[in-house]
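Chemist: Chain by chain, the residues run as shown.
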Amino acid sequence: MEKKILVVDDEEVIRNMLQEFLSKNGYEVRLAESAETALDILKRESFMVMFLDLKLPGISGIELCRKIRKDNDVGIIYAFTGYTDLFGLIECRRAGFDDYFTKPVKLELILQAAQDAFAKLERWNVDEYDLT
Amino acid sequence: MKEKSKSKAQLIDELSSLRQLVLQLQESITERESAEEELRRSEEWYRSVFENALIGIFQSTPEGRFIRVNPAVAKMYGYNSPDEMIAKITDVAKQHYVDPLKRNLFKNILDEQGHVEDFQIEIFRTDGSRILISVNARTVYENDGGVLYYEGYQTDITEHNLLENMIRERERRYRHLVENSGDVVYTTDLRGIFTYFNPAAERVTGYAVSQLFGKHFHSIVRKDYHERLDKFYEKQILERTPTTYHEFPIVARDGEKKWLGQQVQLIFEQGNVVGFQATARDITDRLRAEEEQHRREILSAIVETAGMVCHELNQPLQAISGHAEMLSINLGKEHPENGRVNIMAEQLARIAGITKKLMRITKHETRSYVDETKIIDLDKSAS
Chain V
1 MEKKILVVDD EEVIRNMLQE FLSKNGYEVR LAESAETALD ILKRESFMVM FLDLKLPGIS
61 GIELCRKIRK DNDVGIIYAF TGYTDLFGLI ECRRAGFDDY FTKPVKLELI LQAAQDAFAK
121 LERWNVDEYD LT
Chain E
1001 MKEKSKSKAQ LIDELSSLRQ LVLQLQESIT ERESAEEELR RSEEWYRSVF ENALIGIFQS
1061 TPEGRFIRVN PAVAKMYGYN SPDEMIAKIT DVAKQHYVDP LKRNLFKNIL DEQGHVEDFQ
1121 IEIFRTDGSR ILISVNARTV YENDGGVLYY EGYQTDITEH NLLENMIRER ERRYRHLVEN
1181 SGDVVYTTDL RGIFTYFNPA AERVTGYAVS QLFGKHFHSI VRKDYHERLD KFYEKQILER
1241 TPTTYHEFPI VARDGEKKWL GQQVQLIFEQ GNVVGFQATA RDITDRLRAE EEQHRREILS
1301 AIVETAGMVC HELNQPLQAI SGHAEMLSIN LGKEHPENGR VNIMAEQLAR IAGITKKLMR
1361 ITKHETRSYV DETKIIDLDK SAS
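Chains V and E are the protein sequences, given in the same order. Note that our numbering has the first sequence beginning at 1, numbered continuously upward. Note that our numbering has the second sequence beginning at 1001, numbered continuously upward.
Derived from the structure by calculation, the hints contain no laboratory data. Cβ atoms here follow ideal geometry from the backbone N, Cα and C, with glycine treated the same way. It cannot be assumed that every hint is accurate.
Residues from chain E that face chain V, not an exhaustive set, calculated with beta carbons under 7 Å [what the hints assert, rightly or not]: (1) Gly1307; (2) Cys1310; (3) His1311; (4) Asn1314; (5) Gln1315; (6) Leu1317; (7) Gln1318; (8) Ala1319; (9) Ser1321; (10) Gly1322; (11) Glu1325; (12) Met1326; (13) Ala1352; (14) Ile1354.
Straight line, CA to CA, 35 Å or less: simulated DSBU-like cross-link-like pairs of lysine-lysine [to be verified]: (15) E:Lys1356 to V:Lys120; (16) E:Lys1107 to V:Lys120; (17) V:Lys43 to V:Lys120.
Given only the sequences and the hints, what does the whole structure look like? Please build it.
Modeler: As structure tokens, this is what we get:
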């Protein structure tokens, strides 16, 4: 399975940092600064692991997740948020996120999440099906 | 011969006497005519009064016939003339009284006391309408002591009675309203001594009306408000402000603190202020609700601000802490500068801890900072 990750965050510093860190750990990373760009990329490429920031300009991370889930029920989607409460957690779960992380989050934890996601996909034999 | 023998002087004297007699006779006739004229005028005056009086004047027999009535009585009963009334009424109780038995009471009083005052009788007029009359009468006796007739006067008090009933009914209604009002209604004299208290006062203050009557209104007001209230109402008197509204705390009998919102009107007598009339409402619950609402609004503003601060701070924190983590990895654990990176990471974690607490704010608790300044107590405010 291709170890491709899509990172959507409007903060360039954070996008680049995650790309550098995840790349160093063997992942292929695509970046999008908005939901609209992410949706464009998703039209051309398939991703099974995604990190989405909730607070995005234009379409929000929640709405982006809902849109992705219309075509992709299996992929692992993680949320990043600068602020959250119980209501935010419930909304994330309803939108289809698998987990979420409140910033600032340790890179170590992000790496662990990425590894867990791919391990899970391997276990599910996702490669054997055409899910896109 | 004898006459002839009278002297001339004697004849003159006799003639003079005769003249005197004639003059006296003439004076007597004039006086009598004058007295008759006076009597005639007097009778005319009484007749005019009788005929034109606005009140009814009557004479009636114990059996219920009228001997004499003036036009006012005839008009009251609905007859065209006194003669018609006298002719047609043979038993006034049967023909005109709404309650014929009342005639017996009327006669009994007159027979026993000789007079009756403001005896009220409801009668049917000839057109069937009902009026209320007030009768003042006396008994006229025969020489042997038997009743000759009754005489007196009567007035139509229907409208007066209606007005009185209306006023009485209005008073009753107002009293009912005041006595059953959920609001406290009270009056005081100019010194502030209670002169009236409605039952709602008992419910609100816990004191019986009898316990408050005659006491100064200070007796229920919280002490720290005495001076403030005195000044407020002194100003109302001084400026003769007809109505004011003020809110103040009271202490109920059981010690419970309550707040009243009251409207106070000045009571005037002949242009002078003689007291106060107040309508007060227990606004404790309303104030508590307002306070709660205010508290919620403050908390909501705090939570919103905290959310904004968290979001704005956590973005750069993520970038810094991520890079610090990467730097630490790149340098390796043994590198001499790694200690500094770790210190940076610890301090960043400390800031992250603060933003996490901000995200958990559910209460508005403060602590003293410098002088009078207060700041949010983050540990107590975050759940």
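Chemist: With reference to the structure, classify each hint as holding or not holding.
Modeler: Here is what the structure says about each hint:
1. Gly1307: holds, 5 Å
2. Cys1310: Because about 4 Å separates cysteine 1310 (chain E) from the closest Cβ in chain V, which is inside the 7 Å limit, the hint holds.
3. His1311: holds, 4 Å
4. Asn1314: holds, 4 Å
5. Gln1315: holds, 5 Å
6. Leu1317: holds, 4 Å
7. Gln1318: holds, 4 Å
8. Ala1319: holds, 4 Å
9. Ser1321: Serine 1321 (chain E) check passes; min Cβ-Cβ to chain V is 4 Å, inside 7 Å.
10. Gly1322: holds, 5 Å
11. Glu1325: Holds - the Cβ of glutamate 1325 (chain E) comes within 7 Å of chain V, reaching about 5 Å at its closest.
12. Met1326: For methionine 1326 (chain E), the interface hint holds, since the closest Cβ of chain V sits about 6 Å away, which is under 7 Å.
13. Ala1352: The hint holds - alanine 1352 (chain E) has a Cβ within 7 Å of chain V, the shortest such distance being about 5 Å.
14. Ile1354: Since the shortest Cβ distance to chain V is 12 Å, the answer is violated.
15. E:Lys1356 to V:Lys120: Given pair lysine 1356 (chain E), lysine 120 (chain V) holds - Cα atoms ~30 Å apart, limit 35 Å.
16. E:Lys1107 to V:Lys120: violated, 118 Å
17. V:Lys43 to V:Lys120: Holds. Lysine 43 (chain V) to lysine 120 (chain V) sits at ~24 Å (cutoff 35 Å).
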